[in-house]
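Q: Chains A and B supply the protein sequences, listed in that same order.
First residue of the first sequence? That's 6 in the working numbering, and the numbers climb one at a time after it.
First residue of the second sequence? That's 571 in the working numbering, and the numbers climb one at a time after it.
Hints listed in this document are in silico derivations from the structure and should not be mistaken for laboratory results.
These figures come from a predicted structure and were not determined experimentally.
For each residue, glycine too, the CB sits at the ideal point set by N, CA and C.
Check before you lean on any hint, since a few could be wrong.
One-sided excerpt, in silico: chain A residues whose CB lies under 10 angstroms from chain B [what the hints assert, rightly or not]:
no., residue
1, R48
2, V55
3, Y71
4, Q118
5, C194
6, G200
7, K210
8, A213
9, G220
No more than 27 angstroms apart at the CA atoms, straight line, and that leaves these computed lysine-lysine pairs for BS3-like [to be verified]:
no., chain 1, residue 1, chain 2, residue 2
10, A, K173, A, K120
11, B, K666, B, K610
12, B, K682, A, K187
13, B, K643, B, K679
14, A, K38, A, K106
15, B, K643, A, K187
These stretches of chain A come out as covered by chain B in the derived footprint (C-beta under 8 angstroms, 3 or more residues) [to be verified]:
no., region
16, 57-65
17, 224-231
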Amino acid sequence: MTDLQHLSRYENDHHLKDGEVSTGTTILALPCKGGVVVCADSRTSTGTYVANRVSDKLVQLSEYIYCCRSGSAADTQALTDYVHYFLNQWSLETGREPTVKTAAHLMRRLIYQNKDALQAGVIVAGWDEVHGGSVYTITLGGSCLQLPFATGGSGSIFIQGLLDSEYKPDMDPAAARALAKKACSHAMCRDGSSGGVIRTVLLNKDGANRDYTAGVDLPFGPSAVW
Amino acid sequence: MSKQHTTRPITTGTSVVGLVYDGGVLLAADTLLSYGSMAKSFNTPRMVSIDERILLGASGEYSDFQEVVQKVKALALEQKTQSMESLYEDRPLSAKSLWNYLRAVMYQKRSKFNPFWNDVVVAGYENGSSFLGVVDKLGTTLQENCVATGFGAYLAMPLLREQYRPDLSEGEARALLEDCMKVLFYRDCRASARIQLAKVTADGCIISEPYELDQSTGWNAPSMIRPVGDLDGDGGW
């Protein structure tokens, strides 16, 4: 390839196809007392263009289980549609609510068996009667890990240290929500592929409780003050 | 001995937007420096004044911009103090001739496959009229009443073309540029809400301190707040 062709080809380090839309993202899930808080930013980008600045990356898989999406928007939407459908079927056949473990492993199967075609990193988190609040992260290759708390997406690298330092198990739900928003806003500040608003959902025995933080009300950012 | 060649930008700034109004030229740019997708620095000015009479702003590789500014400042100083003409009269560097000089420099660099990876905006006010021009990394020049580099070429130019009038007041020009910068902040992954405005008039250059754009109405439409990922929604966007 001549040097001149190199000049016009510098920004192709994404692994997505041309024009494919990505949730370059910040997602996280923090267990708290009685349940779990899931949190995500709202930026969906095609390269450096913001295709949707108010997306909803928190998808409900069943009444008490949510999935945080990162990676290809098309792939994650298709996956969550399937898992939602299968969990619904599972509930009808067993007569009870699915456990988070079931949902996570269903998702893992789909990703693992299609690993060459998919680009999806998800966090499956929720509440069930058996285990209370739990969090599973499923990486690009289909590894499913149960973790004390999880972060994902391109923005997560900026806040892994912050959360390692400030997360405590069994936090009060309001405090967990506040910590999730704080971490998410720090990631959104530094990661160009994350931004917009912060959506959170608190999941416990009472169901799902949503929250919305507008871009102007972020705990930190959108730019640092220095 | 192999020479270095710039192959891709590393540390970058995004759009610079500018327009001519009644009495001068107004430029706007955000103060964000990106390192790939990471926001590296939030208070980096990407517009400088040369000799307090000419504004230079650039998007693209920041190190190349710094180099260009250094060369231009040296050139301006040399012309003011060491040229033969300067012994006899004050003939400071004009914006238009600086623009043309940059054209020559950029073209020569690109012909050696080692460009300054920038889109440079040059603005000035001389002989009673405004000058606004842009030079890109290939050495292409444009002299226009409205310019925008980077994403601004796609998102801001339509807004500028629609609202531009030759008799815009400074307030109207500022409002129009702020609107453009707001759209860029919403839709460009490499843009921030902290911006700077710079103007050049017959009285010289002024570059504002960085300030935050007003986003108070940008995030509260019901369609934005409504969650679509729930069971009664479409499964998430």
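Q: Evaluate each hint against the coordinates.
A: Each hint tested on the structure:
1. R48: holds (7 angstroms)
2. V55: With a closest approach of 5 angstroms, the V55/A hint holds.
3. Y71: Nearest chain B Cβ about 8 angstroms off; hint holds.
4. Q118: violated (21 angstroms)
5. C194: holds (7 angstroms)
6. G200: Holds: closest Cβ of chain B sits about 7 angstroms from G200/A, inside 10 angstroms.
7. K210: Hint on K210/A: violated, closest Cβ of chain B at ~18 angstroms, above 10 angstroms.
8. A213: Check passed: Cβ of A213/A comes within 7 angstroms of chain B, closer than 10 angstroms.
9. G220: holds (4 angstroms)
10. K173/A with K120/A: violated (34 angstroms)
11. K666/B with K610/B: violated (33 angstroms)
12. K682/B with K187/A: violated (48 angstroms)
13. K643/B with K679/B: holds (19 angstroms)
14. K38/A with K106/A: Given pair K38/A, K106/A holds - Cα atoms ~19 angstroms apart, limit 27 angstroms.
15. K643/B with K187/A: violated (43 angstroms)
16. 57-65: Holds, because 9 residues of the region 57-65 of chain A bring their Cβ atoms closer than 8 angstroms to Cβ atoms of chain B.
17. 224-231: Three-residue rule met by the region 224-231 of chain A, so holds; n is 5.
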